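Residue numbers (our numbering), protein chains in the order written: chain Z, 1 to 139; chain F, 1 to 139; chain C, 1 to 139; chain D, 1 to 139.
No lab work stands behind these hints, which were simulated from the structure alone. Predicted, not measured: the structure shown is a model, and the values here were computed from it. A couple of the hints might just be wrong.
The list treats identical chains as interchangeable, and a pair is accepted whether it falls inside one copy or across any two copies.
[To be verified] Once the Cα atoms are required to be at most 25 Å apart in a straight line, the calculated DSS-like pairs of lysine-lysine come out as:
{"hint": "1", "residue 1": "77", "residue 2": "109"}
{"hint": "2", "residue 1": "92", "residue 2": "109"}
{"hint": "3", "residue 1": "106", "residue 2": "92"}
{"hint": "4", "residue 1": "92", "residue 2": "77"}
Letter by letter, the chains look like this.
There are 4 protein chains.
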Amino acid sequence: MTAPVLTIDELTAFLTREFPQVAPHVVIEALGPMTATMRLRRHEQHLRPGGTLSGPSMALLADVTAYIALLGMIGEKALAVTTNLSLNFMRKPADADLICEGRLLKIGKRLAVGDAVMYSEGGDPSQPVCHATFTYAIP
Amino acid sequence: MTAPVLTIDELTAFLTREFPQVAPHVVIEALGPMTATMRLRRHEQHLRPGGTLSGPSMALLADVTAYIALLGMIGEKALAVTTNLSLNFMRKPADADLICEGRLLKIGKRLAVGDAVMYSEGGDPSQPVCHATFTYAIP
Amino acid sequence: MTAPVLTIDELTAFLTREFPQVAPHVVIEALGPMTATMRLRRHEQHLRPGGTLSGPSMALLADVTAYIALLGMIGEKALAVTTNLSLNFMRKPADADLICEGRLLKIGKRLAVGDAVMYSEGGDPSQPVCHATFTYAIP
Amino acid sequence: MTAPVLTIDELTAFLTREFPQVAPHVVIEALGPMTATMRLRRHEQHLRPGGTLSGPSMALLADVTAYIALLGMIGEKALAVTTNLSLNFMRKPADADLICEGRLLKIGKRLAVGDAVMYSEGGDPSQPVCHATFTYAIP
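Build the full structure now, drawing on both the sequences and the hints.
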C-alpha cells in the first residue's frame with residue numbers, strides 16, 4: 001500500500017481553508033496508508049443531556065475522518081462527496097474528546113469505501129462507542 | 001393506527017427543555033400516526049462550501065424527526081436512544097430550510113424502526129436530497 | 001416521471017435468460033415509473049426453523065426488486081451492480097410468499113438509490129417484515 | 001476478553017441440527033474471543049453471470065458468521081435474530097470459496113453489534129470484496 005500524498009499539516013491547512021465551520025472542532029492525530037485518526041474536541045455544542053455526545057457529532061467526526069483519509073491518498077479534491085454514512089451507536093460516550101480511527105477498504109475510480117471506530121479519550125478502544133461505514137463519490 | 005399521544009406544542013416544549021442545543025434549529029411542522037415532519041432552519045453552522053448543507057446537519061434532522069415521531073406515539077421518554085442511523089445522500093441540498101418527512105415502520109417492545117426523506121424547501125419532494133433509516137432502542 | 005422503457009414480459013425474459021438461478025424464485029407483479037413490485041415464491045430453500053423466511057432470502061428479493069425497477073427505467077444493462085444493500089428486519093415473516101414494493105429515489109449518471117418494503121402475502125402491508133435500502137452503480 | 005464458551009465442533013453440530021439449509025454451504029474456520037472466520041463453499045447456487053458470487057450469498061455468509069461469533073460467546077440460543085444487516089459490495093468476487101472474518105464490537109443485554117470483511121480464497125485480504133455490519137437482538 002502506498003503512503004499518503006499529503007501531510008497532516010497540508011490536510012489541516014486544507015480543512016481550515018475549505019471547511020471553516022468544521023476545522024476548529026477536529027484535530028488530525030495520525031495519517032497512514034488508507035488510514036486516518038482524528039479527534040473531536042469536547043465542546044458544549046456537541047453535548048446532550050446526561051453529559052454525553054450527540055449522534056450527529058459522531059456523524060461529523062466519522063465523515064471528516066473518512067474525508068481526510070481519502071484526501072491523504074488522492075490529494076486535495078474538495079468535491080469528493082459523501083454518498084452513504086451508516087452509524088451503529090453502541091455505548092454512551094463520555095463527556096470527553098472523542099477519537100476516531102478510520103480506514104479505507106477501497107479507493108476505486110468512482111467510489112471510496114471504508115469504516116471507522118470511535119472511542120472516548122481515556123476509554124477502552126476495544127469497547128467502542130460507535131462504528132461507522134462510509135462511501136464517498138470521487139469526482 | 002392510533003393517533004399520537006402528545007401534541008406538537010407538548011413535543012416542542014419537551015425538546016426546548018431537554019435538548020436546548022437542538023431545539024432552536026428545528027421546527028415540528030406536522031405530526032400524525034407513526035409520522036412526523038420537521039424543518040431544519042437554515043443556519044450558517046450547517047452550511048458547507050458552495051452554499052450547501054452539511055451531511056451531519058442532515059443526520060441531526062433525521063435523528064430528531066425520528067425521535068419526535070416516536071415520542072409522539074409512546075410519550076415523553078428522553079432516554080430512548082438511537083442505535084442505528086444510516087443516510088444516503090442523493091442530491092445537493094439548496095441553501096435553504098430542509099424539510100424531513102419521517103415515518104415509523106415498527107414500534108416494538110425494545111426497538112423502533114423507520115425511515116425519512118428530506119428535500120429542500122421549495123424543492124421537489126420527489127427529488128429528495130437524502131434518505132435515512134433509523135433504529136431507536138426504547139428503555 | 002417518465003414511464004418504464006421495458007415491459008414486465010421483457011424484464012421477465014431478461015431475468016430468465018441472464019439470471020437462471022434467480023428467475024424461478026421470483027415474479028414481477030407490477031412495474032411503474034421508478035417502482036417495481038416483486039414476489040418471492042415460498043420455497044423450502046428460503047425457510048428457517050419455526051417456519052419463517054431467511055434474512056438472505058429477503059436480501060435476494062430486495063436486490064432483484066431494485067434491479068428490475070432500475071432496468072425498467074434505463075433498459076437492459078446486466079452489468080449494473082449493487083454497491084450497498086442495507087436491511088432492517090422488523091417482524092417474523094409468515095411461511096408464505098413474500099411481496100416487495102421497491103421505489104427508486106434517484107437515478108443519477110453513476111448511482112441509483114432507493115428503498116423497499118416487504119410483507120408476507122396475506123399480511124398487513126402497514127406491518128412490514130423488512131425494510132431495505134439499496135445503491136446500484138450504473139456502468 | 002473472555003474465550004468462547006463453545007467449540008468449533010459444538011457450533012458445527014448446532015448449525016447442522018438447527019439450520020440444515022445453511023450448514024452444507026459453510027465451514028467454521030476459526031473461532032476466538034468476539035471473532036469467527038467462516039468459509040462459503042463454492043456452489044453453483046451462489047454464482048451469477050460472469051462467474052461471480054451473488055450479493056445474497058455474501059449476505060448469507062455475513063449473517064451466519066455474525067451468528068456463530070455471537071453464539072460462541074453467549075452459548076446456544078437459536079432465537080437470536082438479525083435486526084440489521086448492511087453490506088458494501090466493493091470488488092467482484094472470484095469464482096472460488098469466500099472467506100469471512102467477523103468480529104463483535106459489542107454484546108449488550110439486548111443487542112450485539114459487529115462487522116465483517118470478506119475476500120475470495122487465494123485473494124488479497126487487504127482488497128476485500130465485501131464489508132458488512134450487523135446487529136443481532138438477543139432474546
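Cross-check of the supplied hints:
{"no.": "1", "hint": "77 <-> 109", "verdict": "both (14 Å within a copy, 20 Å between copies)"}
{"no.": "2", "hint": "92 <-> 109", "verdict": "between (37 Å within a copy, 14 Å between copies)"}
{"no.": "3", "hint": "106 <-> 92", "verdict": "between (30 Å within a copy, 12 Å between copies)"}
{"no.": "4", "hint": "92 <-> 77", "verdict": "between (34 Å within a copy, 17 Å between copies)"}
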